[in-house]
Amino acid sequence: MPAMPAFSREIAWEDSLTPIDTAIKKKLADVALNAAKSKGATYADVRIGRYLNQFISTREKNVQGIGNTESYGMGIRVIANGCWGFAATDNMTTDGIARAAEQAVQVARVNAKIAEEPVQMAAQKGYGEVSWKTPIIKNAFEVPIKEKLDQLLSVNDIAMQNGATFVTSSLFLVNEQKYFASTEGSYIDQDIHRIWPTFTVTKTDKQSGKFETRDALSSPMGMGYEYLVPDATEQINAHFTLYRNRYDMKEDARLASLQVAEKIRARPVQPGKYDLVVDPTQLFLTIHESVGHPTELDRVLGYEANYAGTSFVTLDKWKSGNFNFGNKLVNVVADKTQPGSLGGVGYDDEGVKCKEWDIIKNGILVDYQATRDQAHILGLKESHGCCYADSWNSVQFQRMPNVSLKPGAASLKVMDMISQVENGIYILGRSSYSIDQQRYNFQFGGQLTYEIKNGKITGMLKDVAYQSNTQEFWNSVGAICDASDYRLGGSFRDGKGQPSQVSAVSHGCSTTRFNGVNVINTGRKI
Amino acid sequence: MAILHKEEALALLKKVLSYSKADECEVNLNGSVGGNIRYARNSVSTSGGVSTSTMVVASSFGKKLGIATINEFDDQSLEKAVRRSEELAKLAPENPEYVPFLGPQQYAESKTFVQATADITPKDRTDAVAESLKIAKEYKQIAAGFLEDSSAFAAMMNSHGLFAYRTNTDMAFNVTLRTEDGKGSGYVSKGYNDFRKLDVRKDTDTAARKAAGSAAARAIEPGKYTVILEPGAVAVLLENLVSGMDARSADEGRSFLSKPGGKTKLGEKLVDERVNIYSDPFHPELPTSTWAPDGRPQERISWIEKGVVKNLYASRYWAQKKGIKSIPGPDGMIMEGGKSTLEELIKGTAKGILVTRLWYIRSVDPQTLLLTGLTRDGTFFIENGQIKFPIKNLRFNESPIIMLNNIDELGIPERCVSGESTAHYVLPPMRLRDFTFTSLSDAV
Numbered sequence: 001m002p003a004m005p006a007f008s009r010e011i012a013w014e015d016s017l018t019p020i021d022t023a024i025k026k027k028l029a030d031v032a033l034n035a036a037k038s039k040g041a042t043y044a045d046v047r048i049g050r051y052l053n054q055f056i057s058t059r060e061k062n063v064q065g066i067g068n069t070e071s072y073g074m075g076i077r078v079i080a081n082g083c084w085g086f087a088a089t090d091n092m093t094t095d096g097i098a099r100a101a102e103q104a105v106q107v108a109r110v111n112a113k114i115a116e117e118p119v120q121m122a123a124q125k126g127y128g129e130v131s132w133k134t135p136i137i138k139n140a141f142e143v144p145i146k147e148k149l150d151q152l153l154s155v156n157d158i159a160m161q162n163g164a165t166f167v168t169s170s171l172f173l174v175n176e177q178k179y180f181a182s183t184e185g186s187y188i189d190q191d192i193h194r195i196w197p198t199f200t201v202t203k204t205d206k207q208s209g210k211f212e213t214r215d216a217l218s219s220p221m222g223m224g225y226e227y228l229v230p231d232a233t234e235q236i237n238a239h240f241t242l243y244r245n246r247y248d249m250k251e252d253a254r255l256a257s258l259q260v261a262e263k264i265r266a267r268p269v270q271p272g273k274y275d276l277v278v279d280p281t282q283l284f285l286t287i288h289e290s291v292g293h294p295t296e297l298d299r300v301l302g303y304e305a306n307y308a309g310t311s312f313v314t315l316d317k318w319k320s321g322n323f324n325f326g327n328k329l330v331n332v333v334a335d336k337t338q339p340g341s342l343g344g345v346g347y348d349d350e351g352v353k354c355k356e357w358d359i360i361k362n363g364i365l366v367d368y369q370a371t372r373d374q375a376h377i378l379g380l381k382e383s384h385g386c387c388y389a390d391s392w393n394s395v396q397f398q399r400m401p402n403v404s405l406k407p408g409a410a411s412l413k414v415m416d417m418i419s420q421v422e423n424g425i426y427i428l429g430r431s432s433y434s435i436d437q438q439r440y441n442f443q444f445g446g447q448l449t450y451e452i453k454n455g456k457i458t459g460m461l462k463d464v465a466y467q468s469n470t471q472e473f474w475n476s477v478g479a480i481c482d483a484s485d486y487r488l489g490g491s492f493r494d495g496k497g498q499p500s501q502v503s504a505v506s507h508g509c510s511t512t513r514f515n516g517v518n519v520i521n522t523g524r525k526i
Numbered sequence: 001m002a003i004l005h006k007e008e009a010l011a012l013l014k015k016v017l018s019y020s021k022a023d024e025c026e027v028n029l030n031g032s033v034g035g036n037i038r039y040a041r042n043s044v045s046t047s048g049g050v051s052t053s054t055m056v057v058a059s060s061f062g063k064k065l066g067i068a069t070i071n072e073f074d075d076q077s078l079e080k081a082v083r084r085s086e087e088l089a090k091l092a093p094e095n096p097e098y099v100p101f102l103g104p105q106q107y108a109e110s111k112t113f114v115q116a117t118a119d120i121t122p123k124d125r126t127d128a129v130a131e132s133l134k135i136a137k138e139y140k141q142i143a144a145g146f147l148e149d150s151s152a153f154a155a156m157m158n159s160h161g162l163f164a165y166r167t168n169t170d171m172a173f174n175v176t177l178r179t180e181d182g183k184g185s186g187y188v189s190k191g192y193n194d195f196r197k198l199d200v201r202k203d204t205d206t207a208a209r210k211a212a213g214s215a216a217a218r219a220i221e222p223g224k225y226t227v228i229l230e231p232g233a234v235a236v237l238l239e240n241l242v243s244g245m246d247a248r249s250a251d252e253g254r255s256f257l258s259k260p261g262g263k264t265k266l267g268e269k270l271v272d273e274r275v276n277i278y279s280d281p282f283h284p285e286l287p288t289s290t291w292a293p294d295g296r297p298q299e300r301i302s303w304i305e306k307g308v309v310k311n312l313y314a315s316r317y318w319a320q321k322k323g324i325k326s327i328p329g330p331d332g333m334i335m336e337g338g339k340s341t342l343e344e345l346i347k348g349t350a351k352g353i354l355v356t357r358l359w360y361i362r363s364v365d366p367q368t369l370l371l372t373g374l375t376r377d378g379t380f381f382i383e384n385g386q387i388k389f390p391i392k393n394l395r396f397n398e399s400p401i402i403m404l405n406n407i408d409e410l411g412i413p414e415r416c417v418s419g420e421s422t423a424h425y426v427l428p429p430m431r432l433r434d435f436t437f438t439s440l441s442d443a444v
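So the protein sequences, as listed, match chains F and R. Each residue of the first sequence is one higher than the one before, starting from 1 at the first, in the working numbering. Each residue of the second sequence is one higher than the one before, starting from 1 at the first, in the working numbering.
The following block holds chain R by itself, in its conformation from the complex (with noise of 0.2 angstroms):
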């Protein structure tokens, strides 16, 4: 099934809900196309054309639920995900928790759909990694990447009258390029609604100049040091605290936001006071849903303003027990910064660490929010105010919250990827101070 227009998928969902016999149902439909090559050293390895589709149909008598997917579109198939989903719920225990389904809600258009990211071909994406391996060969080194990019659509409707549809297209380019000799790796990553903000040349080279400055890396002793940490890097620690504020686990006392007591550290100040998390459908660098999948409309959400927690989000079995705001997770996450340029925060460091990358992040400690990984692909000594030389790759044992509350000098926000959830944020590239690494890699 094909990308469907909002006039369209209207159609095919009331056709869905015209086959129901349950209390209540609700249908959700999505569709993507998209296609995606990968490259390693210095050739293309696979790549292939993605085209998905999916209806979720969920039905319920009272508490009870039941849910059938299915991926064929023809009435006796739809009618059939229907009847599936009564059967199970109707086999299902009651659920205490069950929720009614919302009935109708205003949503304001989605801006995440691009008809040139929409529009890209087999050859351009062969074409973006030729350029791409051309870069490696002019830097005599090796390149491994992968280019992805899709459009979708997605829609949802209920017997209670709720309607939703949007658009989006969406397309993400890594690369690392390595020294010959294997001493030095250096690492890009970018991702987009518009395919055309994509700049491989100047992202390949990027990672060359990396990989060339990291080549020869000295040890230094672990232990603690002001570090520089790029957009990318702060993204996969700074994604742990926000997907943590789940109104229900601090609440419940298994949280780092709860506290002695039985209370919740919400309206409390956690971090420094420089700190102004949000999320925001409308952002112009990164443009996201305006309706989650149960259909709750997105808005803009301040998670921590100021340094202080400022709202939790919750389900609505949740919300309505506790008689607070339903507030659905965040989709993607901007944090405010600075002025200064990643040039500029190293410029003013006397003496410091610049990580382009961290690299398998895993929970510690879900009390304090410890996390361990290490660095990766471009780790340099800055003294002085200049990068002297690359170091060998570090541990770090570390909890964004000490991290945030020991800030010294935040940049400019940009539009970066995680390397281990692949969500896109707008975060700016910090100086902190005392950021705790506890062992070496010999790793490149």
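The following block holds chain F by itself, in its conformation from the complex (with noise of 0.2 angstroms):
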């Protein structure tokens, strides 16, 4: 069962679906930001966020919660003195934004004091009034709450029919209608919509105590209601049938019930060194903790140490311009414009028009992940637009934009990849993940782990974790599938800072082969 999210205010579903008047989010952002400036700040940037969330959890017959909330309020963030200054507020009156604007500026000032260089901001034009949509196709709020209980009840049912013993399933919905406004002439309204559908079975054997558990193999998604809704077209032909923009979640469901039973019969894996073929619902993963984080900004540069790390992948690695971060089959792309994807936007939120670019290039590190007040470090002029906060009442930060991993051009499909493994681990889906604060060393698990030998699986095994080294590992990649076979896999919560934040980004790849692996059994007697 995945955390809840963090959700504020309650109100009735439909409420949500009525946006705010762009022409007085326009009127309330200048208020803050003529207050900014009257107050000395040298820039100021205002959002104006409408935070709405929806969230349905059942467990096997029963619907144990439904609510809808919303949270709305106002960020103000400036320059002063050279420093950065922020507050917040829920009071959305000319007088209580201005005061927020002013308390703004004095932190600006109060932090000034102690604060060693002053904030360079990479220059930034203003787009005027412009707006952007996530590209739904049926928003999954507007869908009445009984059609979404009866999804999620017949997935129950059909597991429990096909032996499970326990099942939860749960919907969540977001989506943020934002508007951002800055000193430098931009007005950018956006409409961002996400959705996750996720169950687990659980099985257990009373007689000999053992209990497994396996989770949906879907994926969270910049997408409305149109992810759940089967399409054949969107199908993976595997080992079993897996999904692309399209989810069954029945089916899946129904799947899942016996392979879970499958996993308690399971034979334990031998410890040693596997080809590994990784299915995207894992790899995505990965790909997130160990190419994602390390190539953040903020963290190379310190500004995480006391919390989420800081990063291996140090400036002299980057400007030696031959850090084989893997091997040549190894290109990884940043982006916030992948449709269907969590990190999609149009703006980040400090008004930069988003755009991908290259981070690994044939194996070498080629670049980062930076915001405005980052660019000058790496010689940039302008910012890669990864700028993100969680909540109005949350100063942005630098966070991961999409981080996926390129197709291999070859022909490949999942089921050729296998036939040509002689003693090798097909693993799919999510499970435990671990990484150390600097992203060398990490160790993964999965939902599935099937035995291959000879080009064939032979069988489910249980116990299976692989470690390896960040370097090692992608220097470690055999082949990679072709576009037919690239997917999107997400992470919804994703935190970082202090005071944490989550954010929300998808990772895309082909399943792809990693040589001589080091995989550990990680059972054990209590």
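Straight-line Cα separation of at most 30 angstroms, DSSO-like style, residue types lysine-lysine; simulated pairs:
(1) Lys525/F with Lys351/R
(2) Lys322/R with Lys61/F
(3) Lys113/F with Lys197/R
(4) Lys263/R with Lys525/F
(5) Lys206/F with Lys325/R
(6) Lys61/F with Lys64/R
(7) Lys146/F with Lys63/R
(8) Lys146/F with Lys64/R
(9) Lys134/R with Lys113/F
(10) Lys319/F with Lys137/R
(11) Lys462/F with Lys265/R
(12) Lys388/R with Lys202/R
(13) Lys148/F with Lys90/R
(14) Lys183/R with Lys319/F
(15) Lys64/R with Lys250/F
These are computed hints drawn from the structure, not numbers from a lab.
Hints given; two lone chains; assemble the complex.
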């Protein structure tokens, strides 16, 4: 069961369907910008946020929770005396906004006394009045609650009919209605949607006292309710059916119930070196942890040293121009533009139009993820557009964009890849994951692990975890399936910062083979 | 909305309940005021003030429950929240696991509020950070840290006459010092109800000494080692044990406390007989709330006594169904220890590893409670009772249950903070045999 997102004020779901008028937001934003400037700010930006969430959770035949929440307010960020200041308010009156703007300037002035160096912002032109919306087909907030409940309870029924002992299922919906304005002349209105359907089936064996679970192989997506409408053209034919941009939750639950029973009977893995065939439902998380996080420039510079950590990808490695992050098959791009992705937006939270750029090219580290006040460190004239705040009352800072592994150029399907492996393990689904604070050493498990012998899947394994070093791992890539296998996986609640903030981000990849990776057996007796 | 006094909260809650037309209605009211300051690269990075307040209204008709939350407190908004919760309750399907709200309860007063913490100003925070930065510069190291504080109140009332109220204050300070060449790193994390207990200078100095001492670390072979875990490292492991002591999961056969044949390990010896773990709202070092969010009184509860599983927590529904005592989940965790200081534990170690902090803890196998994670910010090799040299960080795969069966010696318990959950506990440092490290990390 995933953790419930941190929601705030609840509202009737239908209230969320009427966006706040753009003209009103512009007027409120101008109050803040003018107040900040009048108090001496040399720069100011304003984010008016209306954050809507809906969650539904069920267990077997019971509905455990239905909720709609709304959070509405304004965050004001300024530069005064060369230092950042921030204040937020949900008092959206002219006086309330002006007071918050003044407070932000005061904070900047106090902080400037112990600041070491002035903020240097990359230039950014104002866009005037522009807008962007997630390209959804069906707004999930508009789907009646009953239809969503029926979907989840049907999933549970199917799981129970197919042998599950317990099942939980949930649906999370997010709509960020964000309005950004700055003293540089941008007024950006955005309507951002995300969806995450998921379940967990559990099988217990009363006699032995053993139990196993299998989580959904869905992904959180930057999509509407269309993600939950099955479509044969979005299916991947692998060892069993997998899903791209349309997810058949009921079929996955049926299969999960059969597979979880098989997990209880599975053979323990023999520790050793194996060639791993890693499905995107697992590999996305390895990309997230071992490539996405270490190339965040704020970590590299030490801003996260006290919490999330720093990075092994130090600036000297990037400057050398020959740091082999991976072998030549490894090409990693960052973007905030992929359709269906969690990170997909038109503009970031400091008004920079989003784009795509290379992080690793033919195995060589070529770039990082930066915000406006970091761009100069890389000699860049413009930001990558990686600024994000999880609420109007959180200060925006550098967050990970979508970071994706490019598919292989040559035609290669999953089962063809497996047929070429002599002694390997096929891994699907996210499970246990842990990595050190500089992103060298990691350990990952999967929801499903299958033994591969002489090109054939010979059965399910249990107690499998692979341990590796990031650079060694990405230099062990043997093959990458082609674009027909490319899928997005996502992290719905990636944590960073103090106070901690969450963000949602996708990672695209095709099934990838890694040669000679260390696998340990995690079975223990207590 | 500022912090409400008891009488103000009582009046507001009465007013909300007066709008109710449901079979039952329960209202929870929370408010907090606080601030934080963050620094990195020896300079302040962000800071802010945070004031939040929420009211949660739960209404039920029969076994149908609806919940609405607001953060506006004018009469119209209060009534709107009540009506909205009633509308949701009517839309919701009947929940067979619904249990009616509690009637009036007796609560002792919580000892969780300290005026000095409530009085912290932005200048106090900036002064504390300036002090910390001063130490960093003296050591020629680079500091990154975070200081936050809050004062808060919570109140609840329902249509059966239950009323509860409490106030509390909290603060937390954590700092990482790194050597300029990036080869050494040290960390300290502290948390109190009373801001006056914080000693920024001493704590930053400890982190600085750890950073200096951990530079030029040597690699050792992974394997089973005797370890001394400092209380913060103990916290991130044991919180997984105590938070998993749920009766329903154990009864349903999907917990490390489940046994073959459908039984549980309640009443059985699970770990070394020196292990005594409990929660106590009146512990002098870790006062916590005297009531749970659902209104059940919080009392001193022994979770593990002389190594035996003494109690499991349960929802009111599950307790009723199974005919067992309805115990809310623990708020805070206290483990008894021994009489040795950390230094004495080190002195008594022939060969072992001192662990300052454990990081990125994840469950690997819920059946055995196997966890993985890594050491961080100060890992040292001990020989003949002395710290000999710093060692590179290591990944572990270990279960708290196995670990608590391998106790060599327990030290003096102290208040500590989990780097994973940020929860506060009182735990001893401990020396353990055969702690399982499975690989090396180059991370500093």
